[in-house]
Structures are given as C-alpha cells and as structure tokens.
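A.B. asks: Chain by chain, the residues run as shown.
Protein chains: 2
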Amino acid sequence: MADYYDITIIGSGNLAWHLAPELENAGHRILEVYSRTPKNARDLQKRLYNAEIHPSLDFSESEAEIFILCVSDDAIEEVAQKIALPGRSIILHTSGSQSISKLSYTAISDIGVFYPLQTFTKGKRISFEDVPIFLEAENNHTMKTLKNLGRSISKKVVEVSSKDRMAIHVAAVFACNFTNHMFHIANRILHVQGFDFDILRPLIAETVNKSLDIGPENAQTGPAARGDLEVLDKHMDFLKGSEYLEMYRMITEKILSR
Amino acid sequence: MADYYDITIIGSGNLAWHLAPELENAGHRILEVYSRTPKNARDLQKRLYNAEIHPSLDFSESEAEIFILCVSDDAIEEVAQKIALPGRSIILHTSGSQSISKLSYTAISDIGVFYPLQTFTKGKRISFEDVPIFLEAENNHTMKTLKNLGRSISKKVVEVSSKDRMAIHVAAVFACNFTNHMFHIANRILHVQGFDFDILRPLIAETVNKSLDIGPENAQTGPAARGDLEVLDKHMDFLKGSEYLEMYRMITEKILSR
Numbered sequence: 046m047a048d049y050y051d052i053t054i055i056g057s058g059n060l061a062w063h064l065a066p067e068l069e070n071a072g073h074r075i076l077e078v079y080s081r082t083p084k085n086a087r088d089l090q091k092r093l094y095n096a097e098i099h100p101s102l103d104f105s106e107s108e109a110e111i112f113i114l115c116v117s118d119d120a121i122e123e124v125a126q127k128i129a130l131p132g133r134s135i136i137l138h139t140s141g142s143q144s145i146s147k148l149s150y151t152a153i154s155d156i157g158v159f160y161p162l163q164t165f166t167k168g169k170r171i172s173f174e175d176v177p178i179f180l181e182a183e184n185n186h187t188m189k190t191l192k193n194l195g196r197s198i199s200k201k202v203v204e205v206s207s208k209d210r211m212a213i214h215v216a217a218v219f220a221c222n223f224t225n226h227m228f229h230i231a232n233r234i235l236h237v238q239g240f241d242f243d244i245l246r247p248l249i250a251e252t253v254n255k256s257l258d259i260g261p262e263n264a265q266t267g268p269a270a271r272g273d274l275e276v277l278d279k280h281m282d283f284l285k286g287s288e289y290l291e292m293y294r295m296i297t298e299k300i301l302s303r
Numbered sequence: 046m047a048d049y050y051d052i053t054i055i056g057s058g059n060l061a062w063h064l065a066p067e068l069e070n071a072g073h074r075i076l077e078v079y080s081r082t083p084k085n086a087r088d089l090q091k092r093l094y095n096a097e098i099h100p101s102l103d104f105s106e107s108e109a110e111i112f113i114l115c116v117s118d119d120a121i122e123e124v125a126q127k128i129a130l131p132g133r134s135i136i137l138h139t140s141g142s143q144s145i146s147k148l149s150y151t152a153i154s155d156i157g158v159f160y161p162l163q164t165f166t167k168g169k170r171i172s173f174e175d176v177p178i179f180l181e182a183e184n185n186h187t188m189k190t191l192k193n194l195g196r197s198i199s200k201k202v203v204e205v206s207s208k209d210r211m212a213i214h215v216a217a218v219f220a221c222n223f224t225n226h227m228f229h230i231a232n233r234i235l236h237v238q239g240f241d242f243d244i245l246r247p248l249i250a251e252t253v254n255k256s257l258d259i260g261p262e263n264a265q266t267g268p269a270a271r272g273d274l275e276v277l278d279k280h281m282d283f284l285k286g287s288e289y290l291e292m293y294r295m296i297t298e299k300i301l302s303r
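Here the protein sequences come in this chain order: A and B.
Each residue of the first sequence is one higher than the one before, counting from 46 in our numbering.
Each residue of the second sequence is one higher than the one before, counting from 46 in our numbering.
These are computed hints drawn from the structure, not numbers from a lab.
The beta carbon of each residue, even a glycine, is placed where N, CA and C say it ideally should be.
Please note that the accuracy of each hint is not assured.
[Said to hold, decoys possible] So the derived label-pair ranges between C-beta atoms look like this:
no.	chain 1	residue 1	chain 2	residue 2	range
1	B	Gln238	A	Gln238	39 to 45 Å
2	A	Asp282	B	Arg87	36 to 42 Å
3	A	Gln238	B	Ser146	30 to 36 Å
4	B	Pro83	A	Gln238	22 to 28 Å
5	A	Arg246	B	Arg87	33 to 39 Å
6	A	Glu97	B	Leu290	45 to 51 Å
7	A	Gly132	B	Tyr289	44 to 50 Å
8	B	Thr82	A	Lys169	46 to 52 Å
[Unchecked claim] Think about it this way: if two alpha-carbon atoms lie no more than 30 Å apart in a straight line, the pair counts; the simulated BS3-like pairs of lysine-lysine are:
no.	chain 1	residue 1	chain 2	residue 2
9	B	Lys189	A	Lys255
10	A	Lys299	B	Lys201
11	A	Lys255	B	Lys127
12	B	Lys201	A	Lys279
13	A	Lys147	B	Lys192
14	B	Lys192	B	Lys208
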C-alpha cells in the first residue's frame, strides 16, 4: 500500500534533526544530507542509517526522488536559485509562511510544500503521528506523492491553499508564540515580587487542558470575563508605570467586548 | 502532628465544591454549609459526610472554629457585614484580589486569606496537593492555624503580603486568562478558514511543556523572536481589516524589543 521514496534532506536544523530519522523509520531511504555547516551535516548523518554528506548544492547526478528543504524561511529562495536537481524529481519546502512559488526557480522539478505544524527542539522527542502536516503542490501527481509521504509519518495530512496555510501560521503565532510571551510577562511580574514561575504550573496546566477540552470560547475565566470592573481597576493600578499596562488594557477590552 | 478543625463553608460555587470534600479527606470536619441558593447548598452537602445546611448567616451559636468564604469577590464585603460569628473563631476569604480588610466588619473574629492558585470547574477533579495556597493573616496565632490548614491539603503553602498576592493574581491573568484569549483568537482565525482548533493541539501542548521546562525567556520562538520582518509583514497583511491586527502588532513589538 505505502510507497517508499529516496530522499535528500537540505538543512540540518531542528526540523531536519527530527524529520529525517522519522522518514527512515517509516521506510523511506535518506540518500543524502546537505548543510552549509559541515559539522551539523555530520551530526545529522549520525542519526541516519546510510546517508551520505553531499558536498554542494549540485544534485544533478543524485538518485533521490524527493528533496526536502529544512532551511530557514529566508534561505529558501537562495537555495532554490542555487540548487541543481535531477530530472523528474520533486522539491519541497517546509515553511508555514513562504509561498510555494519561492521554489519556482527549480524549473526542472515539481514543487510542493510539506508543512508540519509543530515546534521542534533538538534532543526533545516528538511523536510525528499526531502532528498535522499541511500540503500544497502545483499538480496532482506531486500532491499524490506528498500525501503518501505525509501519511507514512502522520495520521493528519491535509491539502491546503496558500491562504489556508497563512491562516494556520498566524493562528499558531497567537496560540503559541504569543502565549509564551504571556508566560514571559507573568514570569517578570512574579520575579519582581520574588516568586518563581513554577507557582503557576498547576494553574497553566489546568487552564490549557480546559481550553482544549471545552474550547477557548467556553473556557474564558477571570475578571474581564466576569466584567468585574473593580478588580480590573485594581490590576491596572498595580501595573501603573509598568510596560505591561497597555497590553493588559488592550486584551482586557477585547475580552470585555466579546 | 496535624491539627484538625471544625469548619463551616459559606458559598457553594466551584471552589466550595472542590475544597470542602478535600478538607474532609484531610481529616477536618465540615460542620455546616451555607448558600444563598438552597439547591446549591444541598448539592454541596451531598458531597460531604455529615455537614448540615445552615439556614442563615447567623452563626453565633455555631461550634465551628473556621469559617471559609467561598463566595464571589463582590459578595465578600456584604457577607462579612451580615454574618454573625461565635467568639474565638477565624473567618477567611479565598480571593486573589480582595484585601484582607474586607473581613474587618467581623470584629469579633480573627481574619485571614486562604487563596488557592487554581481554576476550578465542577465535575473536574483537581489534585490539591500541587496547588499553591497563599496565606495572609492579621496575627501570628491565625497564621499558624492557616498554615496547618493549608499544609493538610497542599505541599506548597506560602505566607504573602497583600501586594504579593496582587502580583500573583495579575501574573495569573496574563498566564491563564490572556492565554485563553490567545487561543480564542487562534480559534476564530482557523474557523474563518474552515479549520478546527484541534489542529493546534500538539503544537500548544509542546509549546506549553517547553515553556514550563526551560522557562518562557528561553522558549520564545516565532517570526518576532527571529526578527523576521518579512513574515511579520505578511501576517499583518493577512490580518488587514481584522479586529486582531492591533493586538498582533502590539505583542509583536514587545517581543521584538526584548
């Protein structure tokens, strides 16, 4: 049922570090890895069965069928301009925010996007099975291959438009990057008073679980959700002179006006 | 070693629903429960061994040693004005944001604050063992009783000033209430595009774990943390006309300026 592919990984950052072994475990072969930083390429190679370190972006003689760019957003276009690929191959990038057309310099190949919605840290195990993978391709043949590839490692593989992918990326910024910044502010406020961020751990765990269980619409609590203007005033009084007062006010107003 | 107390619970909301049985499990006796809403008092009574429903706020003949107000913030002062207590008793409120002096109408008793830092939902089990409880009292004798009471249900019991408690409450609003609002916005953005909030589940779980593991200072990721102005422009372009653009801009600027 499954199709197995010969794959080359370009880049050696957090995503490559997780994705390459995962693809091997699913039955694909990683033929080559390439990185601008040779040491990183060697570290990645050590995680793999039989991959070679490729010395340049000239892959015109490569036998790989799929080339996956695991490079930073701003390097995609440059790599796409420099890379030389064999005929009848597919090149993918893995970014949430970059257009598929960033790959169009590589005219000889089919192009696509393979965007796993997760944050990756070297050394921290991630189960890909539950990571949604969002796909975009310029033709049906390529999409079919992308679906095979995605389904070999994840239960949740979805074809999306560029606009969908952008919406998902913006939503992820709110739900994760901005959430971490809220934790950062809480941490700063506690630190000034001599408390550790850890005291919030049970409350954060319960809040997040509740929000995921019953949905954020139903899980909103706190003084703004209750319309408790007296407590809101006290909090803003406490934050007077703080760089966080303006943010407290803005988010509070949004919750009040829901 | 432990001291056990005879306790009355005033109020029948989420906190009372969790706290009263927990205190019984720890060895204390709940003598009476009181609620403005008789049905809620009966529901709470059913969760307890031998508590009576008290018909009014006149507790002058009660044998309880500790009276715990589990009422909403804006009801504390009113209850404190109306309640009649026996001599040599202690009355506590459980609020993060209300001054201990809200209880000072009850001049005959010692007063204190017993603030468990957690969000409670009826029907959802909470382990109190890990819930930090923040204490305030007007004298040492009362603080000693509060510490005994707190330690009988939690490993983390801390004496704090009113200002500390306010800081903790404000920090909790950022880390939990505002975080839930970030989830709400993400949910709205996904919904417009036809996606379910659930696709963010693995990413949110990983983000929160990472932030708790290595601290929010070290866990910040995303385009603002990278200073990726091109992606930030794309996101703000995507949000043009949206009520969430201003918030995206403000939080992004804060992360950029860290």
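A.B. asks: Work down the list of hints and note, for each, if the structure agrees.
C.D. replies: Hint check:
no.: 1; hint: B/Gln238 to A/Gln238: 39 to 45 Å; result: holds (41 Å)
no.: 2; hint: A/Asp282 to B/Arg87: 36 to 42 Å; result: holds (40 Å)
no.: 3; hint: A/Gln238 to B/Ser146: 30 to 36 Å; result: violated (20 Å)
no.: 4; hint: B/Pro83 to A/Gln238: 22 to 28 Å; result: violated (41 Å)
no.: 5; hint: A/Arg246 to B/Arg87: 33 to 39 Å; result: holds (35 Å)
no.: 6; hint: A/Glu97 to B/Leu290: 45 to 51 Å; result: holds (47 Å)
no.: 7; hint: A/Gly132 to B/Tyr289: 44 to 50 Å; result: holds (45 Å)
no.: 8; hint: B/Thr82 to A/Lys169: 46 to 52 Å; result: holds (48 Å)
no.: 9; hint: B/Lys189 to A/Lys255; result: violated (34 Å)
no.: 10; hint: A/Lys299 to B/Lys201; result: violated (34 Å)
no.: 11; hint: A/Lys255 to B/Lys127; result: violated (36 Å)
no.: 12; hint: B/Lys201 to A/Lys279; result: holds (26 Å)
no.: 13; hint: A/Lys147 to B/Lys192; result: violated (63 Å)
no.: 14; hint: B/Lys192 to B/Lys208; result: holds (19 Å)
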